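*Asks:* Start from chain B and add chain P according to the hints.
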Amino acid sequence: MIIEVKKIAKEQKIKIPDLITRPVGRALYERVRSNLQFLTDGEVVLLDFEGIMVMDTSFIDEFLVKIILDSRKESPDFFVKAINLSEISIMNIESVFNSYYQNNNDVMAVITDRLVNKSYYVGYLGDEDRDVINYMNINKIVRPEDIASFLDLEMGETVGILDRLYKKRLIRKMQESSGVSYQFL
Amino acid sequence: MLNTDISELDLSGISFFEPFSMVSLLLLGRNYLRDTGKRLFLVNIPLKIHQYLLRMDFEKKGIFQIEEKLPESYYLKRSAFSKSVIEITDIPNKERESVKAITNTISLFRRRANHILKYWMSGGVVDYFVTVISELCQNVFEHSLDSGYLAIQTYSFGTEHILRLVICDSGIGIRESFAQKKEVRYESHAELIEMALTTNLSSKREFGYGLSQVNMIMEKLKGSIYIRSEDASVSVVYKGKHGSSRFFLKNNLIPFRGTQISISLSG
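Residue numbers (my numbering), protein chains in the order written: chain B, 1 to 185; chain P, 186 to 452.
Hints may be right or wrong, so weigh each one.
What the hints assert, rightly or not - Capping the alpha-carbon separation at 27 Å, the derived lysine-lysine pairs in BS3-like fashion look like this: (1) P:K424 x P:K303; (2) B:K66 x P:K285; (3) P:K279 x B:K10; (4) B:K15 x P:K424.
Claimed, not checked - In silico negatives: residues of chain B with every beta carbon more than 10 Å from chain P: (5) M1; (6) P23; (7) D56; (8) K66; (9) D70; (10) N84; (11) I88; (12) N117; (13) G126; (14) I133; (15) L151; (16) G156; (17) S178.
For the record, the hints were derived by calculation from the structure and aren't laboratory data.
On a predicted model such as this, the values are computed, not experimentally measured, just so you know.
Heads up, the beta-carbon is just placed ideally off N, CA and C, and yes, glycines get one too.
Next comes chain B alone, as it looks inside the complex (with noise of 0.2 Å):
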């Protein structure tokens, strides 16, 4: 599913291209959850900022942070990547992910198109993680083994990072005759 954020403001008479306070992110999180409800397991929401300038913290917080734990809750399973963020975008969502983990102990990250930081997301992840992320985004779809070669790890280290970032929703698991693979977004 393709959200075309600017479009959807634009529905709501949200002044564009910034996206700015709570009230706006909780009106743009309703709108938006009206649509997650058609979604299958295992779907790709793309949520596309094209023509978004700012999005602030509170805009951020209620908005992108809802939408990423709603992912995480059982059904519907659906998976999150964030595209064509602006820079000041991607540094205020760094800081309300920061947050987010310094007071919840819970690391939040979202896959984007872009490089930042060395990788392909925007939150806080593990050199491993990062890693794994990294080598995905060039081989799209791997198994626990592929990994364990590539980052010299025991199988069991290898799927439990797998496994997180799965549990985070940043790579998808899918199961099949021959075993378990992990696509990524």
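*Replies:* Frame of chain B; chain P shown alone:
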């Protein structure tokens, strides 16, 4: 605090006003009006100061009694050349009205940004300032329990160009807004202000971003921040290639209701 026996302020000794002083004067007049039900008189206003106050919509707020009227031919022009300002703007204390005011202010700022930021124009600086305006204005309606004012101006002082953004209220102040947060411990009022500026403390939620995000942006832009709340203040000046900073904390100042913030760039 202003002595309520005073009924007029003589401005004859004033030769220069910048936005922070102007908005602080406006707050002082508003506090007086709220306390006494009367408007203070402003008298002996030098011509240039009077022109400036009119240009910044100071008189339109209806806080002061100004009997000397300037003929319209003396008014400063509101042409494209004088668009390096955002006139004094109300930030209401009700959510819906406040969001509308912030959105309109940011929209106006974007239209005038080429003039306001002309000495600092580089990638992203307009967007950084949009974030700063948004974060600080939201603090007014979310935390101060009062309405406030915003003003922006770029001006020259000698050979230096200065951008000043001021956002002020006369609400409950930072210390009072944290009164219910018993877990927040601090030695002095100024230290609390510093904590609000440098950590993700929030008086309303589990955690917040507003002031700390503003601080991060000003560090990036090598600007400076001045925050005064009640009887304490914190100044922080960022400069140098690596954004080395200096914090100046002051306590036991003469109390002034609410929180007043000035953000500056110079160059």
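*Asks:* Are the hints correct? Go through all of them and say.
*Replies:* Against the structure, the hints:
1. P:K424 x P:K303: holds (19 Å)
2. B:K66 x P:K285: It holds: about 23 Å lies between the C-alpha atoms, which stays within 27 Å.
3. P:K279 x B:K10: Distance of about 24 Å is within 27 Å: holds.
4. B:K15 x P:K424: At roughly 35 Å apart (the allowed maximum being 27 Å), K424 of chain P and K15 of chain B break the hint.
5. M1: Consistent with the label, M1 of chain B stays out of reach of chain P, its closest Cβ about 28 Å off (over 10 Å).
6. P23: For P23 of chain B, whose nearest Cβ neighbour in chain P is about 5 Å away, the distance does not exceed 10 Å, so it is violated.
7. D56: violated (4 Å)
8. K66: K66 of chain B is indeed farther than 10 Å from all Cβ atoms of chain P, at 14 Å.
9. D70: For D70 of chain B, whose nearest Cβ neighbour in chain P is about 19 Å away, the distance exceeds 10 Å, so it holds.
10. N84: The assertion about N84 of chain B holds, with a minimum of 14 Å to chain P.
11. I88: violated (4 Å)
12. N117: holds (15 Å)
13. G126: holds (21 Å)
14. I133: The claim stands: I133 of chain B keeps its Cβ more than 10 Å from every Cβ of chain P (closest is about 25 Å).
15. L151: Holds: least Cβ distance 32 Å, greater than 10 Å.
16. G156: holds (35 Å)
17. S178: Since the minimum Cβ distance to chain P is about 45 Å, S178 of chain B lies beyond 10 Å and the statement holds.
In summary, the structure is inconsistent with hints 4, 6, 7 and 11 from the numbered list given earlier, while agreeing with the others.
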